[in-house]
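Asks: Sequence:
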Amino acid sequence: MPSEPHPNTAPEFKSVREEHRALRKVQKSMAEHGAVPEDLAAELESLKQRARDLVAQAGGFWELRKQRRETESLRPIVRSVSSGRAELRRRAFQIARASAQHGMTAWAERALAALDTDLRAMDEQIEKLRQDPESAVQLRMIELSGWRDQLQEGYAATQSRQEHLDRMQELIQAGKPIFLKGPTGTGKTELARRLVHELYGKDPEIVRGNPNVQEWTMIGQVGLRATEQGATETVFDPGPVIRAMTRGIPVVIDEFNQIDPQVRFVLKELYNRRPGDCVQVPNNGTHCIEDGFAIIVTANLGSRYEKARFPLDDAEERVFLDCTVDVGYLPPHELYDLCLASLIAVRGQAPVSAAEAADVLKRYCDAVSEIDRIYTDGTSAFDLEGKASRGVKQALEKTVIDPGLALRLVRDYAVAGSRAASLAEHLARRVTDLLVNLNNDNDRNLMAKVFSQFGIITVPIGDLAATAATRTVLSSAPLPASERGSIPLRDAALLDPYRRRAASLEADAESLGVSRVKPPDTIIPGGSPERASAAVTAFLRDTFQNAWSYTPKQLAIAEQNLKPEFVAPSVVDYAARKADVNAAQSGQYTLNPETVGIDWDSLTPEQIAERTEIVDLNADPVFAKLADKSLASVADFVTRTYGSARLPGLELERRLYALGNQAPAAFKEVGAYVFFFGSLIRNANGYWNVPYAYWGGAGWFRGGYWLENGWNADCRLVLVKR
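Numbered per our numbering, the sequence shown spans residues 1 to 722.
Keep in mind that the hints are not guaranteed to be accurate.
Label pairs and their calculated CB-CB ranges [what the hints assert, rightly or not]: (1) Pro331 <-> Gly201: 25 to 33 angstroms; (2) Ser549 <-> Gly671: 22 to 30 angstroms; (3) Ser486 <-> Ala583: 53 to 61 angstroms.
As a list, the in silico DSSO-like pairs of lysine-lysine whose alpha-carbon atoms are at most 27 angstroms apart [unchecked claim]: (4) Lys629 <-> Lys721; (5) Lys202 <-> Lys176; (6) Lys625 <-> Lys553.
For the record, the hints were derived by calculation from the structure and aren't laboratory data. Just so it is clear, CB atoms sit at the ideal spot from N, CA and C, and this is done for glycine as well.
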């Protein structure tokens, strides 16, 4: 038995190659003797010592926090720890793989436990840094920059993808095949490629599955070649599977279920084979499996739209029963992170304003995620025109916006540079081009509705029909209002629209000298935007006629324009709207796409009271310092402070009038005017108004203040609670 190594005996390695050579000696010794000589144990100890040094280096950051400028030292520390962690993870995999093949010795068990302890210590140090507001900003900057660089290489390991990679590593270490299943475009093949590259430092062999694949395509075939003497000889040209076996690397069988089961039969013999086992190849003798060989298959079985041409048979299902990894689309917050990272230039500047990054980009990611959900689940909140009476729900038939396409649409904006319009205008143009070019009328219609609901395009939902005529409606739609801007990487690191890092990033933001951006909160719609807009249109028609006493001529003009514009308050240019006076456009109104889907009609007055809050802005010391308190200026303050997702509009005001005296008491404060900044209305004189409700004791008064009117002591703001 080898003696326990002592840290002082650890040699110094001059290069990574020498370290790898030492590790191979350890593995070879394990395989041959099941034990480790004392000199090799010392070499392993050097690897462990390096891990401890990296942990200590990360922990040493806490001694450097006395001055703000010293946070810059975090970048090389994190990079060093990250690269060290990747290396230790790879070495732990190599030791575990060798142990799985040759038997777990006491030494191997201790070595793996030590490496695992070091890896956990690194993670704990990084997590500790994330909990501090000062270092959390630096870590976020490093994270965004890292994803930007990874995207340029073709793949970014977000949290959900890293979890998949960890699970796949466990399966390979255990000598099991891996089955990656999920909808099209989720990155299954790239996930397999990244795993192999991380653990082996090589690319895998790949078989591109399709109905034309034959056995020889995967295994290889016998052919003829000319010799130097001018004769011919028979040679075997190995296919991807045999090459992977003999090279000791994984093979990826892409689109596995598109290969005929009779052809797939040749793989069944390999699923449970181990290194050292040999297989007989027809007409070419025996080939042995080298250490490191593994089989990874992918299939689009996660969506009902990907019909398996050749379903798995019972034997295959049993093989993959405990080694399947479900790969779905990116969650919206991870898609947002990658979109934001893709906008950041090498010099650390993103060509978007803080408002656009916090609001427009979030709504875009929410819309894409909703489309992905509809495609995967096969259901949507929209009734299919002409079939609602039969209870048929509209669903996407064959189109989806996968993360790769979603990222390309955003990345194009960064490439366009100063030639591009605002991000909102750019996305509206690119999304419109994408929809117009779709050949499936049903999918174009439904996707347009989703993008319109989230305010990415400004097409009124009710105007769309499931026909090719939708192309004309899309092409003629106005672009959403927005303003071009630019933010440095540090400000981008503070953005947190999904409230994932709010506690650590906002607590000390002002002390870092960074302008804090209050992002919108997430609201999950529970109703139909179509039904809500139809109800609001009817409510306004009654308001114009019976509450605002429009003349027949004024009512006729308003009727022509009585269609909603879905636009988030945070992207509205209120100063421009204040100056925009056009009586011919009377009747126009806006709805907030982030709140219009809330099904207020299904909530009781008590539930509405629980879901909302009434705010007196005059009690806010920051608001009190505003020099300009016109409603246009107030709207800008409100959207900056609360975001869009907390600002309901006419859809909630309509519900209050329907409830009458049963409305929540908080809305009926005597003498108070409750404003709904989620909507704007253009009145008969052509001025844009913010709608408000006033309880008179016996009933409601419905009114609107012009954007140039001032905010008074009796004005109140209604919000949706977080």
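Asks: Indicate, hint by hint, whether the structure satisfies it.
Replies: Each hint tested on the structure:
1. For the hinted restraint 25 to 33 angstroms between Pro331 and Gly201, the CB-CB distance of approximately 30 angstroms keeps it satisfied.
2. As the Cβ distance of Ser549 to Gly671 is approximately 24 angstroms, the hint placing it in 22 to 30 angstroms holds.
3. The given range of 53 to 61 angstroms is broken by Ser486 and Ala583, whose C-beta atoms sit roughly 38 angstroms from each other.
4. This hinted pair checks out: Lys629 and Lys721 have alpha carbons roughly 24 angstroms apart, not beyond 27 angstroms.
5. Note on Lys202 and Lys176: the hinted pairing holds, with a Cα-Cα distance of about 20 angstroms set against a maximum of 27 angstroms.
6. This hinted pair does not check out: Lys625 and Lys553 have alpha carbons roughly 43 angstroms apart, beyond 27 angstroms.
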